[in-house]
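Please take these sequences and the hints and turn them into a complete structure.
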Amino acid sequence: MKLPEALGTLHDLEILSADDNQLSDIPSDVSGLRHIQQLSLSKNAFTKFPVSVCSLKTLEILDLRKNEIPEIPSRIAELDRLTSLYMGNNVVNNFIPELCGMTELQLLDLANNIVEEIPEAISQMTGLEDLDISHNRFLEFPKSVLALEKLERLTFDQSEGHPVPSLPDEIEFSNLSYLIVSNNTLRTLPNTINGMKNIKSIVASFNEISILPKSICDLTQIEILHLNDNKLTSLPENFDRLSNLKDLRLHNNPLRTPPMDVCVSGVVQPIGRFIRRAVEREDILMLKMFDILKVSMNKHELRYLLKKFRFPDEKISELDQMYHGKDKLPDRIYNALLFWREFKGPMATYRRTTSSFPYHWL
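Counting in the UniProt record's numbering, the sequence shown runs from 1 upward without gaps.
Incorrect hints may appear among the rest.
[As the list claims (entries may be wrong)] Straight line, CA to CA, 30 Å or less: simulated DSS-like cross-link-like pairs of lysine-lysine:
id: 1; residue 1: LYS214; residue 2: LYS308
id: 2; residue 1: LYS315; residue 2: LYS294
id: 3; residue 1: LYS246; residue 2: LYS200
id: 4; residue 1: LYS214; residue 2: LYS307
id: 5; residue 1: LYS66; residue 2: LYS143
id: 6; residue 1: LYS197; residue 2: LYS231
id: 7; residue 1: LYS328; residue 2: LYS294
id: 8; residue 1: LYS308; residue 2: LYS328
Hints were generated in silico from the structure; no laboratory data involved.
What follows is the structure, encoded as structure tokens:
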């Protein structure tokens with residue numbers, strides 16, 4: 001199917017939708033659409049970007065989703081009134097420099113393409129508020145997008161793309177309100193996440209998150225937190241500080257502290273109470289175990305323990321100097337265990353610790 005050649009005579013036309021028509025080109029005299037503001041050409045058969053649309057100086061919204069377009073032309077920069085560009089579900093392989101100069105653009109959809117990197121110059125897109133780069137071929141999270149001062153919503157779901165294993169610490173400098181990072185291979189969230197002062201929603205479902213940083217509890221303004229379908233066994237002690245949560249999802253995690261039946265309601269107050277009681281019990285059990293170990297171990301076993309737990313050489317020297325001599329061996333053992341527990345943090349649970357020691361020590 002083709003659009004009529006006389007299309008360019010519709011000088012007062014403001015909105016044109018020609019979706020799902022097997023179009024592969026548009027008439028060259030389309031420049032006659034002097035007042036066109038919205039043009040939708042999604043679900044067609046374009047195998048290259050219809051460059052003639054770049055002459056539509058009044059265009060504000062351009063939708064070319066679900067075609068087979070491999071690249072965006074440099075002439076895109078001529079659309080200096082464009083506020084929304086939808087290029088999802090194509091085969092775009094490059095984020096061209098000319099895009100970075102489009103300061104009026106507020107929404108950019110590049111989902112379901114084959115983009116591998118985002119240039120640092122994206123920071124020049126001073127009007128961009130909504131960016132979707134899901135389902136692409138990034139080898140790592142593109143830190144450059146975090147420099148976008150007005151960016152409020154970032155979608156980075158990689159269920160059909162290349163998943164990334166981590167988020168950068170620089171995320172604290174972003175002004176994001178909504179972050180979607182589902183279907184990656186994240187094992188945790190950055191410790192710096194508490195720097196995200198504007199964040200209202202984090203969706204990190206279907207990852208490999210096994211532990212959350214304590215700093216997540218500082219996000220007291222957050223309203224939506226989706227952590228379902230991960231590998232969480234516990235939640236941070238002050239989790240109930242997230243008192244503004246309206247939508248909490250934790251299902252399909254092997255949670256023990258607290259168990260899923262405590263979390264199922266999504267109400268943070270009982271979650272917090274359970275965690276604090278569990279932490280208190282854990283403290284008592286751990287310290288009792290340390291008391292037993294400090295009198296049951298000898299110096300050779302301590303040396304074995306320090307090697308097994310990969311203590312830093314400087315810490316070993318410090319313990320030797322502070323607790324020198326046979327009579328101070330119990331204190332050396334006890335303080336070594338305290339240091340190890342502090343160093344391991346939430347990973348130093350009673351269950352994991354007891355499995356690390358030979359049975360006869362206990």
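We went through each hint and held it up to the structure:
no. : hint            : in the structure
1   : LYS214 / LYS308 : holds, 27 Å
2   : LYS315 / LYS294 : holds, 18 Å
3   : LYS246 / LYS200 : holds, 10 Å
4   : LYS214 / LYS307 : holds, 28 Å
5   : LYS66 / LYS143  : holds, 27 Å
6   : LYS197 / LYS231 : holds, 26 Å
7   : LYS328 / LYS294 : holds, 10 Å
8   : LYS308 / LYS328 : holds, 22 Å
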